[in-house]
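This is what each chain is made of:
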Amino acid sequence: MGTVVVTGEKIEKLKRILDNHLTSIGVSLAILIDEAGNEIVSTGKIDQIDTTSLAALAAANFGATAQIAKLIGEEDFSILYHKGKKDNIHITKIGLNFILVTVFTDKIPLGLVRLRVKQLKQELLNTLSEQ
Amino acid sequence: MALINLNKREINCKIVYYGPGRSGKTTNLFYIYNAVSEKYRGKLLTIETRGERTLFFDLLPINLGKIKGLDIRLQLYTVPGQSHYRATRKLVLKGVDGIVFVADSLRKRREKNIESLIDLKNNLAEYNIELEEIPLVFQYNKRDLIEANIPLLTIEELENDLNRELKAPYFEAAAIKGIGVFETLKEISKRTVKYVARKYIFNEASKAQGGMI
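Protein chains in written order, with the numbering used here: chain A, 1 to 131; chain B, 1 to 213.
Here chain A stands alone, though its shape is the one from the complex (with noise of 0.2 Å):
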């Protein structure tokens, strides 16, 4: 299992590209973390919640349910939604080893997050593989 390493420059670039897509429509916040649980960059109301937790608790959340995705028969689920009573979170996989999660209001619709998502993975992964 290997070792990432992000440089500040990295780092604004891709924090640059969750702010492109998905600060700019309202969401709360999005994180973007590795499948250990560790946080790689995050932006939106960040001093709100404690992200460290909420890492952690995404990819062992995301993690059990690809174990749960395979008792059925898939290879995993791509995407997980939550809906709350105000807050919702969207919690999607980003190439093999990364995962996203989006935290929005009822304000947002889904669909708008699920595009956004859809449209910055490929721009997340490139930025996350260059040299």
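Simulated from the structure, these hints should not be mistaken for lab results. One or more of the hints may lead you astray.
[Stated by the list, open to error] DSSO-like, lysine-lysine: derived pairs with alpha carbons at most 27 Å apart:
| no. | chain 1 | residue 1 | chain 2 | residue 2 |
| --- | --- | --- | --- | --- |
| 1 | A | K10 | B | K68 |
| 2 | A | K10 | A | K83 |
| 3 | A | K93 | A | K10 |
| 4 | A | K70 | B | K68 |
| 5 | B | K90 | A | K15 |
With the hints as your guide, set chain B onto chain A.
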């Protein structure tokens, strides 16, 4: 999977406390949480059942301070020890950089220790990690019970059962009283950071900086 963030100048490592059910993994984390000042620790997260057994994991982020200008951040995880949680344990091991094996010194738990070590080996193999290669420290817990005349395994027996071939460092502990807890943590931290740094530097030599290794 360790994360080196050159922007914040920090290294994040994942250390997992492994071992049979009720051997004292969560107790280790609780003791560390209570003994470390707030400045150096994050929130303790626990997912447990009603019976206070770990259901998924406990997580305690701690900050070791700076080494060569880099902040060292550790994420300490525990696993649920009971044998039927095997799938959950495997998930927690994802991306692990260092392991503390907390063994139960109670004589009647001898088989459980051995079973748990085999389970660890098998789970790591599924991630293509060998137990001989990853930083590992043993903690022989509950040594204080000898005073209560409870039959315990001797250190020689524990070493022979678990550590005969691995020859990893071991510590005697009474985690509930804090004895041996920090000694264990210090040793595994040292080994893990060294392991991660060495891997990073080694790859750095053959690859451009900032890439994925």
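Outcome of the hint check:
no., hint, in the structure
1, A:K10 with B:K68, "holds, 22 Å"
2, A:K10 with A:K83, "violated, 32 Å"
3, A:K93 with A:K10, "holds, 19 Å"
4, A:K70 with B:K68, "violated, 44 Å"
5, B:K90 with A:K15, "violated, 31 Å"
Hints 2, 4 and 5, counting from the list given before, are not met by this structure.
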